[in-house]
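Fit chains B, C and D to the known structure of chain A by using the hints.
In order, the protein sequence lines correspond to chains A, B, C and D. Using our numbering, read the first sequence as starting at 1 and increasing by one per residue. Using our numbering, read the second sequence as starting at 461 and increasing by one per residue. Using our numbering, read the third sequence as starting at 921 and increasing by one per residue. Using our numbering, read the fourth sequence as starting at 1467 and increasing by one per residue.
Simulated from the structure, these hints should not be mistaken for lab results. Just so you know, not all the hints are guaranteed correct.
As the list claims (entries may be wrong) - According to the in silico footprint, chain C covers these stretches of chain B (three or more CB under 8 angstroms from chain C):
{"id": "1", "stretch": "461-473"}
{"id": "2", "stretch": "481-493"}
{"id": "3", "stretch": "496-506"}
{"id": "4", "stretch": "527-535"}
{"id": "5", "stretch": "545-555"}
{"id": "6", "stretch": "563-569"}
{"id": "7", "stretch": "585-599"}
Unchecked claim - Far from chain A, some chain C residues (derived; all Cβ distances over 12 angstroms):
{"id": "8", "residue": "L938"}
{"id": "9", "residue": "P943"}
{"id": "10", "residue": "D1019"}
{"id": "11", "residue": "I1031"}
{"id": "12", "residue": "Q1040"}
{"id": "13", "residue": "A1241"}
{"id": "14", "residue": "E1245"}
{"id": "15", "residue": "K1328"}
{"id": "16", "residue": "E1346"}
As the list claims (entries may be wrong) - Capping the alpha-carbon separation at 25 angstroms, the derived lysine to aspartate or glutamate pairs in DMTMM-like fashion look like this:
{"id": "17", "chain 1": "D", "residue 1": "K1684", "chain 2": "D", "residue 2": "E1784"}
{"id": "18", "chain 1": "A", "residue 1": "K314", "chain 2": "B", "residue 2": "D908"}
{"id": "19", "chain 1": "C", "residue 1": "K1268", "chain 2": "A", "residue 2": "D336"}
{"id": "20", "chain 1": "C", "residue 1": "K1225", "chain 2": "C", "residue 2": "D1041"}
{"id": "21", "chain 1": "C", "residue 1": "K1350", "chain 2": "C", "residue 2": "E1205"}
{"id": "22", "chain 1": "C", "residue 1": "K1447", "chain 2": "A", "residue 2": "D194"}
{"id": "23", "chain 1": "C", "residue 1": "K944", "chain 2": "B", "residue 2": "D908"}
{"id": "24", "chain 1": "C", "residue 1": "K1445", "chain 2": "B", "residue 2": "E676"}
{"id": "25", "chain 1": "B", "residue 1": "K653", "chain 2": "A", "residue 2": "D207"}
{"id": "26", "chain 1": "C", "residue 1": "K1447", "chain 2": "A", "residue 2": "E263"}
{"id": "27", "chain 1": "D", "residue 1": "K1490", "chain 2": "A", "residue 2": "D99"}
{"id": "28", "chain 1": "B", "residue 1": "K522", "chain 2": "B", "residue 2": "E676"}
{"id": "29", "chain 1": "B", "residue 1": "K678", "chain 2": "C", "residue 2": "D1416"}
{"id": "30", "chain 1": "B", "residue 1": "K474", "chain 2": "C", "residue 2": "D1041"}
{"id": "31", "chain 1": "B", "residue 1": "K915", "chain 2": "D", "residue 2": "E1784"}
It should be emphasised that the depicted structure is a prediction, and the values quoted were computed from it without experimental measurement. By construction, the Cβ of each residue, glycine as well, lies at the ideal position given by its N, Cα and C atoms.
Here is what each chain is made of, one letter per residue.
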Amino acid sequence: MLLRHTPKEVKERKALTINPAKTCQPVGAMYAALGVHGCLPHSHGSQGCCSYHRSVLTRHYKDPIMAGTSAFTEGSSVFGGQANLMQALTNMFTIYNPDLVAVHTTCLSETIGDDLNQICSKAIEDGKVPAGKKVIYCNTPSYIGSHVTGFSNMCTGIVKGLVEHTGVAKDQVNILPGWVEPSDMREIKRIAKDMGAKIVLYPDTSDVVDSPQTGEYKMYPDGGATVEDIASSGDSIKTLACGAFASEDAAKLLDSSFKVPYEVLDIPVGLSASDRFITALSEAARVTVPAAFVAERGRLVDVIADMTQYLHGKKVAIFGDPDQLIPMVEFLLDLDMIPTHVISGTPGKKFTKKIQELCAEKAPNVQVQNGAQADMFLLHQWIKNEPVDLLLGNTYGKYIARDEDIPFVRYGFPILDRIGHSYFPTVGYTGGIRLLELMLGAIMDRQDRDADDTKVELVM
Amino acid sequence: MLLRHTPKEVKERKALTINPAKTCQPVGAMYAALGVHGCLPHSHGSQGCCSYHRSVLTRHYKDPIMAGTSAFTEGSSVFGGQANLMQALTNMFTIYNPDLVAVHTTCLSETIGDDLNQICSKAIEDGKVPAGKKVIYCNTPSYIGSHVTGFSNMCTGIVKGLVEHTGVAKDQVNILPGWVEPSDMREIKRIAKDMGAKIVLYPDTSDVVDSPQTGEYKMYPDGGATVEDIASSGDSIKTLACGAFASEDAAKLLDSSFKVPYEVLDIPVGLSASDRFITALSEAARVTVPAAFVAERGRLVDVIADMTQYLHGKKVAIFGDPDQLIPMVEFLLDLDMIPTHVISGTPGKKFTKKIQELCAEKAPNVQVQNGAQADMFLLHQWIKNEPVDLLLGNTYGKYIARDEDIPFVRYGFPILDRIGHSYFPTVGYTGGIRLLELMLGAIMDRQDRDADDTKVELVM
Amino acid sequence: MSEDKKLPDPSIIKEEILAKYPPKIARKRAKSMVVVDKSMDQEVQSNVRTIPGIITQRGCCYAGCKGVVLGPTRDIINLVHGPIGCSFYAWLTRRNQTDPGEAGPDGENFINYCFSTDMQDSNIVFGGEKKLKQAIQEAYDIFKPKAIGVFSTCPVGLIGDDVHAVSREMKEKFGDCNVFGFSCEGYKGVSQSAGHHIANNQLFKHVIGRDNTQPEGKYNINLLGEYNIGGDAFELDRIFELCGINVISTFSGNSNVTGFERSHTADLNLVMCHRSINYVAEMMETKYGIPWFKVNFIGGDATAKSLRRIGEYYEDPELIARIEEVITAELPSVKQAAKDVLKTTDGKLAMMFVGGSRAHHYQELFAEMGMTTVSAGYEFAHRDDYEGRKVLPTIKVDADSRNIEELKIEADPELYNPRKTKVELEDLEKNGLEFSEYKGMKNDMADQSLIVDDISHWEADKLIEYYKPDIFCAGIKEKYVVQKMGIPLKQLHSYDYGGPYAGFEGAKNFYTDIERMLSTSIWKKLKAPWLETGASDPCICAEYVA
Amino acid sequence: MSEDKKLPDPSIIKEEILAKYPPKIARKRAKSMVVVDKSMDQEVQSNVRTIPGIITQRGCCYAGCKGVVLGPTRDIINLVHGPIGCSFYAWLTRRNQTDPGEAGPDGENFINYCFSTDMQDSNIVFGGEKKLKQAIQEAYDIFKPKAIGVFSTCPVGLIGDDVHAVSREMKEKFGDCNVFGFSCEGYKGVSQSAGHHIANNQLFKHVIGRDNTQPEGKYNINLLGEYNIGGDAFELDRIFELCGINVISTFSGNSNVTGFERSHTADLNLVMCHRSINYVAEMMETKYGIPWFKVNFIGGDATAKSLRRIGEYYEDPELIARIEEVITAELPSVKQAAKDVLKTTDGKLAMMFVGGSRAHHYQELFAEMGMTTVSAGYEFAHRDDYEGRKVLPTIKVDADSRNIEELKIEADPELYNPRKTKVELEDLEKNGLEFSEYKGMKNDMADQSLIVDDISHWEADKLIEYYKPDIFCAGIKEKYVVQKMGIPLKQLHSYDYGGPYAGFEGAKNFYTDIERMLSTSIWKKLKAPWLETGASDPCICAEYVA
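For reference, chain A alone in the conformation it holds in the complex (with noise of 0.2 angstroms):
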């Protein structure tokens, strides 16, 4: 046993968190500033921060993660880090010459305080940043929030340091996809082109943490919003916000500074959700959905049809993040699939709320905790209460699997022990049938594993 310590009593804890469910600010934000082209996210704290976050985003990614950070000693602690900011300004332009630095603070330089604002407007009028450069920001305290935050918080510092008003309206729908991977942001620009649909989306990391192998290492990938693009969005029609947790303080931003309307809606993973996704894009850019797409959303639906029978009354405990959780577990409603352990370390109250909401009917008896001590320790204690089917979460997520023996689908972050989710996405209807070949082929290699040989099925 890896968790052998994991007691099935569920004692009431009001302090100690116990792998969690969640991590902090900052890697969200840095994860938002890759998805700006040309963009070197930067760390104002500690080293250890910037090495933590590239570190867990390298791995999931297993691809280049580059960033700076004001390496604060203990003088800056004491002193304010506005120094080690202008110097780190400087260094960056100077040797690593991106477009645009991204900064987000740390619980360090949050705690003592140090003015973003300021330093950043005495660094440009001190000349540290070259000219048709940019730097932009965000707060990203630690001990708010969680990840989603951060990178929510970077979103709305790329708005306030990049969106621009001209006036002149631009037949263009933005999409803030939310924290998603490069391939979900691939398929939504794939989606909308198909549409038809002219869009503006950002953050967008495709093609810059999914880079290609060539032989040539670019700091700055091909990838990324454009600084223009995103300029733009001010000028959009509309915003569509996937996620309320990481898209909708950008989008109320650019509605309140831009007048550019806009809705929230679900990341659009399975088919409910997908289809409203669809639904809203063909509204807002005022296309026609065409008929290419009732084709796609048909296979989805056909193999649900055609598999219901492995996945109709399967219990499934799930834990991650809000906006991935939410859509999933409509998607698992969808299938006819029993939501039975919702677990998410982000806190903020609508989370339980809607989980409820959606489990009303077919799930009543859901168990969901989000925020404090809503960890995976805690889910694994629900889980030796009542068993399921089938574990969905990050990397971490393995522990309990193999503790338990309960089939598992890495969905979420970090995956660290696998490949494929920044190449293939989880989004739209094809991610729909993605999502049922990783679910349906656990459950059915575990059916091939523990059936007798008297009743192994050739055909499933």
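Showing chains B, C and D alone in chain A's frame:
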């Protein structure tokens, strides 16, 4: 043990085939015929053939597979099946209203020597074929070659029956994709489109055997190469024939009948074969390869480079169809895996030679056999004598994999117990990543399973 | 429940269906589509040729012989003589489960193997006997089986290979291996049915009666026409064991040749699938004096009824009491399970078109859930399967069936031993036991329901359009066609890899599976929302049964 | 082999690298980039602040303390006091394998767990001591551990939470649980190195020496600075066991608190990673009289040499003989393995920039394969790691290090027991044993090779361009950057999930892994063929070493 009677000791067999790595011609002809829009395949033989072929294709695709049968009785077997076929054509055009009927023979009609050319000509003369409708046909004696041969023969039948020569050259390239999945055909079209290459692809089973669930049944789904497009292929610049076994004959016929030169390529499975395909298509269609393909290729190369340690030196046993095995074996070698046992039931001297050439440098001890008695029983015995780390092949491989406890990836035809193959391509660079995901998944799942608690890896 | 709901009149749709056909075809098909009127005898045309070009469910003689009857037997090497395909397609595709466990880890089980002579063109031209002989030899050398069956596919008969002579020769050569052949070429007869008959004949000639060891148990029966799809036979074995009934052999689910060889020592033959196996029952009665009656273990009540009949047959109070105990222990949970699904299933419509007995038996299961079977038919029936054995004398044997051997059986001079005297049998019949009888499917169908024999794709399509059934039962070829119309299809050949559905536990499984299928959410989400007009309620069709 | 091949002169590329930097930065970095000239003493600037904005490999003090030193110990709950991230990122990411097997299936192993107080903004504002206290209580209540370590992350020091006081209080409250804290906030010092020191101090203060049970074995040692990455310690345990040497404790791979508590009863401390653990070795010598010397178990010869030194230390012919036996049994296959890979590896170039001792030790392994290390450097070294301990007296303690506590250690009044007399030690030193000595990396590097301390991304990029090494060794952050340049990168922190690489078996693993990496086909296929000019032979660069 499921295959408890398979001894380790290999005894030479001359007459008995056990657990074949092939099936008979007609099913290939039926599959190929489904790749023409509006086509109703027709099996000229006993009812059982048609029923069996429809069943196995249905189980593989989980989709409707429609076809007619001449429903031979003992009488027809004695007196010939002309009356049955004439009646069948009348009935099919009357009741099921296809654009065309594609007739193939069976061992029965072949043994009695029915002359399809004569019967079909007579049917047309007798007005059994309505105006604007067509009948095409090919001979598919079950006792020669394999299902692959049948596919090839129907491809030739399509060329013979539908291609026209107007004398006005068309700026397009013919692609005969060979026996691949609808997902692969869709992907080849996507590649060509993104390259700006105008192509005619047939057979094309995409949107036919992976048809959408919309609540509305279409006996002739929207997919399939149209008769018009196929007809125009006689005016094309060139034919790219993927897979010598499945596509070369049809390509030759296009050359000899319509002076369309051809090039035989491997099915673009894996890095090297995809490289050759892209290069050949760019040359044939006289388009430059867009930068996006450098990125697409680079992503595959990246995954290989990043994951090589899990692949390098792993021994692989593989069985299936020659056109699919050849590029796959080359891909395995590109991955520094060691093709160890290679079996195909499909005869043809070229195959063994080709595999040996490919393996000469890196896997000189490869055991390869095809044709008579090159069956899964022999493969299993080989594996017992020299165990492997991975088994690749159709669903029947599951029985060996379970008995010998070998990680198993489904590849080839038929896949009866999983979904995915019809939706996610294995051709092209992205297909290569899919193959890697599947193989790595199988290998890593095994590592996770077999690791002592002490040796379980979080990051892989 | 919906017992006395009036069914819609299918005459109109029948006309509509036939209207599409060329006149000759229409005339022919009309006779195979019968609107049930229980007040009169009605002929259901069946066991006639499939019309070429009509898209049929049917398979061939070989499929019925090798695929259905012999396939489920584990300790015989079923060697297919012919090109590779026929053997390949019948390889593990029928879900006949088998448990060699009793024979230990080395117990014989060839079910997972596929054996073929893989005939090549030279064999077609020069004859395949030599290759067949060699293949039998190789099979014997490698596996040392106790029996090898040789199955002829289409070309074999045409080129004149004598599989029987070859088999005889090899059997003699080996001495310890029973080799025998089947002339079950695909073109024989008009459907799988011919293959069943041929299989029955050869089993009777070459296997049954070879081992005269007498059974030890008190109540010894054979179960005929049960193929252990999804483990049905395991469930029945469980029930029989509870009742203290000893099953000598099952024809042929979870079976072995050893059992067949002793099957003539049983007291009674129970026939489940009448079509595929009645020949063996008949012949065993004639030769050995074993009576048979029809049973049905599909459905809780049906299972109880069949068990009670066995008790009545033995006229043994101990057995009768034990059977009642078992029923008392098992049936209530079945009833409860049926009740539990009722809110989903009651009033729903089913259609079923499958081979063998299932199109009949499963109507009872559906009825237990409050569902009505509006239309049904067999894939390869004879008239007696619809109309009952009473019509047997009136059935004309046509050209297609005439060539299927009809064995001349006589009482065995030594082994004939009537289990019951004529008087005893008559007494039992007075008490309701019906020996050598099958009343046919029509007998259990409602007025105005529609029987369709050998249904075609076109007919099924139109019937679905008309009835808009809630569930459709058929096979793999129909599955996705029907589902594309938005109607869930339950495969009754493979059980969709579910089951068992026989016996008490099986009934519960079936209820649950049907409830699941009827309550699957996806059927309500088939249409892309941007195409929704709001008008297409998938349920408006059910109105006329209300 | 390529022993005496002349290395290219790195001066030009050094200039080129520095030219890009702002002048002040250039001046500073110049001192950390040293072209080796073994004929003279050279100062390698190290343990100085990372320049903000320079993309560094380095992590923080917390990482060195919790992540590196305490992380691998299985029977302590390592509770991180701070916001969630720091605990999350250090969760299972260092591949320190541990085997609680000896303690049975219920043996304590908290390594797979991640514990945090998950500080929220209110804790930042109002202080986090209360929450910490509660968290310690909950950890104690649920797990009943024998020890709890509390690790401070950045905000803790700033807001003034006193983790030591809280720990003391809880320790007293529990009685049976050793609770102690670490002030290892991320901003302390200039790298992980500060964290090592802090960890060493606290281990020394709170753990080492608590259990005075004397060991039973004859030769009792501690292995310091071995973290059991990929099972290295398991391999060393195997070798020690073969030699009859008893390992009291390993700091801190595959370790437990119980072992630490008794570690002062050993006869000898062997130091592997000088940087991370020399403090403990020094303090144990002062307090308990245990001598230490530096060992290296990376490489076959190195392992043999280190074992022989242990033999020499004990001056016991029996032990010496046994060690020779082990070496004779094990080393030849290592030599053979090195020979087997030579055709692939000989003459190839390596570069390595990693923390700890690995950038030094692995040069020996590469040399065994005929490979040359053209450039190397540490991530968080001090000058003594490059130049040898002889420079210790000359190192100026700067502001960043001054605040790291320097424990004042004195000989323990009761437990001080010098294992060797001064004379004995001097005699041993005459025979080649070097106590309390580390000669540094430079000592083993070739002339003209380039040392770079705390290398930056820009520097690595340019060096690769210049040297075009065949293999580059660094960590996860560098891995894919370097590989995108077409150069395979071997992670020497995680071993790329391979290993073990220590000891005899480990050397063989390493040879094979490097051979694999150098012969991986994909590196020859990086360019899309339609872009190939034919000119880009990836190997032209290697010419100058020929």
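Structure-based check of each hint:
Counting residues of the stretch 461-473 of chain B whose CB lies closer than 8 angstroms to any CB of chain C gives 8, so the stated coverage by that chain holds, three being the minimum. Counting residues of the stretch 481-493 of chain B whose CB falls under 8 angstroms from any CB of chain C gives 6; the rule of at least 3 is met. Counting residues of the stretch 496-506 of chain B whose CB lies closer than 8 angstroms to any CB of chain C gives 3, which reaches the minimum of 3, so the coverage claim holds. Under the rule that three or more residues need a Cβ within less than 8 angstroms of chain C, the assignment of the stretch 527-535 of chain B holds, with 9 such residues.
Three residues within the 8 angstroms Cβ limit are the bar, and the stretch 545-555 of chain B against chain C gives 9, so the coverage statement holds. As drawn, the stretch 563-569 of chain B meets chain C at 3 residues by the rule of a beta-carbon pair under 8 angstroms; at three or more, the given contact holds. Only residues whose C-beta sits within less than 8 angstroms of a C-beta in chain C count toward coverage, and the stretch 585-599 of chain B has 0 of them, not enough to reach three; the restraint is violated. With a cut of 12 angstroms on Cβ distances, L938/C stays outside the contact zone with chain A, its closest approach being about 31 angstroms.
No Cβ of chain A comes within 12 angstroms of the Cβ of P943/C; the nearest lies about 38 angstroms off, and the non-interface call holds. Its closest Cβ contact with chain A, about 5 angstroms, brings D1019/C to no more than 12 angstroms, contrary to its assignment away from the interface. Chain A draws I1031/C into its interface by the beta-carbon criterion, the shortest separation being 10 angstroms against a cut-off of 12 angstroms. No beta-carbon of chain A comes within 12 angstroms of the beta-carbon of Q1040/C; the shortest separation is about 27 angstroms.
The Cβ of A1241/C sits about 33 angstroms from the closest Cβ of chain A, beyond the 12 angstroms cut-off, so the non-interface label holds. The beta carbon of E1245/C sits about 28 angstroms from the closest Cβ of chain A, which is more than 12 angstroms, so the claim that it is off the interface holds. Non-interface status of K1328/C relative to chain A is upheld: no Cβ of that chain comes within 12 angstroms, the nearest being about 39 angstroms off. Residue placement check: E1346/C keeps its beta carbon more than 12 angstroms from all beta carbons of chain A (closest about 43 angstroms).
Our distance criterion of 25 angstroms between C-alpha atoms is met by K1684/D and E1784/D, whose separation comes to about 11 angstroms. Distance hint between K314/A and D908/B is fulfilled; the C-alpha atoms sit about 24 angstroms from each other, no more than 25 angstroms. Between K1268/C and D336/A, the direct Cα distance comes to roughly 21 angstroms. Compliance with the 25 angstroms bound is thereby established for this hinted pair. Using a Cα cut-off of 25 angstroms, the hinted pair K1225/C and D1041/C is violated, with the two alpha carbons roughly 55 angstroms apart.
With a C-alpha separation of about 20 angstroms, the suggested pairing of K1350/C with E1205/C holds against the 25 angstroms cut-off. As the CA atoms of K1447/C and D194/A are separated by approximately 20 angstroms, the hinted pair is consistent with the 25 angstroms bound. With a CA separation close to 66 angstroms, the supplied pair K944/C and D908/B exceeds the 25 angstroms bound. Note on K1445/C and E676/B: the hinted pairing holds, with a Cα-Cα distance of about 13 angstroms set against a maximum of 25 angstroms.
With a CA separation close to 21 angstroms, the supplied pair K653/B and D207/A stays within the 25 angstroms bound. Only pairs whose Cα atoms come within 25 angstroms are accepted, and K1447/C paired with E263/A is accepted, the gap being roughly 24 angstroms. In summary, the hint linking K1490/D to D99/A is supported, as the alpha carbons are separated by about 24 angstroms, within the 25 angstroms threshold. Between K522/B and E676/B, the direct Cα distance comes to roughly 16 angstroms. Compliance with the 25 angstroms bound is thereby established for this hinted pair.
Between the alpha carbons of K678/B and D1416/C the distance comes to roughly 23 angstroms, so the proposed pair stays at or under 25 angstroms and holds. Straight-line distance between C-alpha atoms of K474/B and D1041/C comes to about 15 angstroms, which keeps the hinted pair within the 25 angstroms bound. For the suggested pair K915/B and E1784/D, the alpha carbons sit about 35 angstroms apart, so the restraint of at most 25 angstroms is broken.
In summary, the numbered hints that this structure violates are 7, 10, 11, 20, 23, 31.
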